[in-house]
Structure formats: structure tokens, C-alpha cells
Amino acid sequence: MHGHHSPVPGDGPASGLLDQVEEAEAALRAAAERGRPGAPDGHAVDADPQEYFTALIEADQKIEPRDWMPDAYRRTLIRQIAQHAHSEIIGMQPEGNWITRAPSLKRKAILLAKVQDEAGHGLYLYAAAETLGVSRDELVELLLAGRQKYSSIFNYPTLTWADVGAIGWLVDGAAIVNQVPLCRCSYGPYARAMIRICKEESFHQRQGFEILYTLAHGTPAQRQMAQDAVDRWWYPSLAMFGPPDRDSVHSAQSMAWKIKRFSNDELRQRFVDMCVPQAEVLGLRIPDPNLRWNPERQSYDFTPPDYAELMRVISGDGPCNRQRMARRRRAHTEGAWVREAAAAYAAKRAGRGPAATRPAARDGRAAA
Amino acid sequence: MSDHARTLPGAGDGGRTPSDDTSRPANGPARHGGWPLWEVFVRPRRGLAHHHVGSLHAPDAELALRNARDLYTRRQEGVSIWVVPAAAITASSPDEKDAFFDPAADKVYRHPTFYEVPEGAPHL
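First to last, the sequence lines map onto chains A and B.
Sequential numbering from 1 applies to the first sequence in the working numbering.
Sequential numbering from 1001 applies to the second sequence in the working numbering.
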């Protein structure tokens, strides 16, 4: 797949995560085969909608857009999916900074493809959010007005090329650990979007790992640059899993609804346990003096991230919050004429009648 | 009833788009800065049918096709794409548990497993 010797361990955690995505997809299909609880032919019209909703969740069935759902379930999903979509869109900026300065044509092409994927992921997620009755325009406005959040991690700067590697390895790695369980989310459109996204994300994580591996085995200066990037990105990546369980506001209800499957701290631990052996392969040090194997827990003990810093960055006071938002607003404003021109052109062509428009499905008018 | 979805007359509260991933609640939004919603269908390979893969916003059919290519076939997932205005699709029902499909429920004789085949009857 990479076309040359990739240092990524083939049976390592990354491929383990991909297996989990495949399993989630198989579970989704199996649940669809099983059908709805107690009503194979759909005779549940008289059931109380709340009871029916609960029965679906308990039977591990997916909730679909046309199903009745509690308002709070809908609101929670809109908030979470929108925040996730915004993160993909804003997340293009830190790496986008390095497209023009990538060290080779190969790296530039790969980075372009990766950033294009992030845009695609944002669009899958906006589409999933729209099934809940909110419009794309509303979501974009909420982001630009600062009324909906995006992941705090993208408010940190990318100072060197090695940061692109550290983002791929740590930030995308943390995102995958967070997102793989979302492939089993109870809301169908979100689960399906996540399956698609996770399959694509694994390329992102591997390209980052490969960049760091190359630098770590290069000149002393390159090695130092890689270590410096890991030093700066480690704790912000740990913070991506959110506040500790004792302070997590949304967790309990989201777990009951099967939107969330594991707690913040469980996922953070999983991420640390995954990274330690990978760091050894890289030959880079994880910047935590307290990191050590705990045989009783069969996990690594580690220093938690600075949650006060996380809260500061979330509330708008991170190193790059203002810059990221200003850039997004500018792009939106500067793109207005393109959107308007395209709409005007479409309206003009529509006015000429059907002969002017090319049929979309040229290889068969009747859907098979 | 939202203007991007049409539902069969008399099929419940209506106002929702047809396919699972794209159905919006009644009075839901239809447009994105004046750009309508399109449903995207992809034929993965020769010999397979087009399948619904998702939706997107675009000002016209041509841009919808180009956007669909960039959004849903970045990794050679398809050899053919259809884009259909979501508003042009008529949905059978607003939810998945009404009486629309009842007529099929009591006709088990439509399935080959309904019939008893005597032992030894070949080619059945």
C-alpha cells in the first residue's frame, strides 16, 4: 500500500483498530438482519414511542432519522456531530500550513490527499447532522459565531514539518481511538459515517508515523525535530479525550443512549497503551517521567494532561483560537461570490428548460 | 411539509425525504445557501447496481456530479455515479412501521420455503 518498506507493525494496534471497524460494520449488518425487537413485520404502531425507542436501543438496533426520538437525544447528537464536523473543517488548517512547504513532492501529494480527506469527513458528518433536522447553513453560522465548538487540539500551532508527523501519529491516533467505538453508535447515519471515516483515517495515522520514523532515523537535527514535536503534541493529544470521568457532563446519558460506548478515561488509557510500544518502534521518548507499566492493571500508569489548560483552550484562550476562527471566517466571506455565481448560473440554465441540462444518469434512465 | 421531500399522499405526517440517511423531519431545511440537496448513488463495479452512498449540496446537476466524485469516490469506490435532486424522490412513508407494507405480511406462499417437497423429487 505504501509502495516501500513501511515501519508500521502490520499486526500492531493500528490494524487492530481497523479490525474493530470491520467488526462494527458486521454488527451493524447483523442487527439489520435481526430486525426490530418483538415486531418482525413492523406491527408496533400502537407502542408508546418512548418505550419503542428504548426497546430499539436495548436491542442494539439503530435509530434512523424517521424514528421518533427524545428531543434531548436529537440535541445531543446534533451538538456532537456538528462539533465533530467543525473539527474536521478547522483541522485542515494546522496541516494545510505545510502543504506549500512539504519537503518533497511525494510528501506534498500525500498531505494534499490527507487534507482533502478531512474536508470529505467534515461533509459526511454535516450530512449526518442534517438528517436530524438542522441545516448546513445553520451549522456553519453557529461555528462562525463561536456558538459551537471544535476540538481544542486544532488550536495548537504546527511549528515544524515534524508536527505534521506528530499530528498524524498522535492526533489522528487519538481521534481513531475515540471514533472506532462511534462506529457502533445507536444513531444509524452517524455510525455509517464513522465507519467510512475510520477506514480512511488509518491512512492518516500511518503517514504520520512514517514521517516521524523517517525523521527519527535521519540526522541528529531531524531526530531532535521529531522529538520536539512529540514533546509538544503528547499532552494536548491526551486532552482530546475530554475531561476526566468525574467531571464529564454529558457522559452518563450518552452511554445510556449508546451514543458513547466507553468513558473518556477508558479511551485515554487505551490510547496510552497503544502509543507506548509504537514510540519504542519510532525510537522517540514519550515526555512523561511517570510513564510505567502497571502489572496489576495490565496498563501503563501515566501523568494526566493539564485539564485546566484544556478548559482554557476550549473557552477560546488557546495559542491559535483567534487565528483559526479568523481564517475560517475569511474563507467563508471570500467564497461568497463563488457560491452566489454558481447559484445564479444554475438558475439561468434552469430557466432555459430541460434541454439545457445534461441528464445525470446517462447509463440507464430506470434505476435498477 | 418541507419542499425537498415528497411523500405518498395519505402516508402519515409526511414532509420527509425518502432514503434513511437523508430523511429530514417535517419543516426541516431544504437548501444550503440556495443550493439544493442531492442524493448520490454509486455503482461500485461493473455488474453491480447503483447504491445510495450519501447526499450533498450543489447548485446544479453538473456540479453535484463533480462534488460527488470528489466526496464519494476518492479511492476508486465507483465506476458510475447518479445524482438525484432529493426533492424529486417520493418516499413511501414517514416512518418505517406503518401499514404500507402490511399486504406482504400474510402471503408466505410467495416464498419457496412455504412448499413441502416430497423426498426424492429432483431439481426442485
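In short, the hints are calculated from the structure, not lab data.
The reader is advised that the hints may include incorrect statements.
[Claimed, not checked] Facing chain B, from chain A, some residues (calculated, C-beta under 10 Å): (1) Gly120; (2) Arg192; (3) Gly218; (4) Pro220; (5) Ala221; (6) Arg223; (7) Ala350.
[Said to hold, decoys possible] Subject to a maximum C-alpha distance of 25 Å in a straight line, what follows is the list of computed SDA-like cross-link-like pairs (lysine to any residue): (8) B:Lys1107 - A:Ala32; (9) A:Lys199 - B:Ser1080; (10) A:Lys199 - B:Lys1107; (11) A:Lys106 - B:His1052; (12) A:Lys108 - B:Ser1080; (13) A:Lys106 - A:Ala32.
[Stated by the list, open to error] If you anchor each label on the Cβ, the simulated ranges turn out as follows: (14) B:Arg1046 - A:Arg292: 54 to 64 Å; (15) B:Arg1110 - A:Thr333: 57 to 67 Å; (16) B:Arg1046 - A:Ala27: 42 to 52 Å; (17) B:Glu1077 - A:Ala32: 33 to 43 Å; (18) B:Glu1077 - A:Gly351: 49 to 59 Å; (19) B:Arg1046 - A:Ala32: 25 to 35 Å; (20) B:Asp1106 - A:Glu141: 13 to 23 Å; (21) B:Val1108 - A:Val281: 11 to 21 Å.
Quick caveat, the model's predicted, so the values are computed rather than measured.
C-beta: ideal position from N, C-alpha, C; glycine also.
Those earlier numbered hints the structure runs against, lowest number first: 3, 4, 5, 6, 10, 11, 12, 13, 16, 17, 18, 20 and 21
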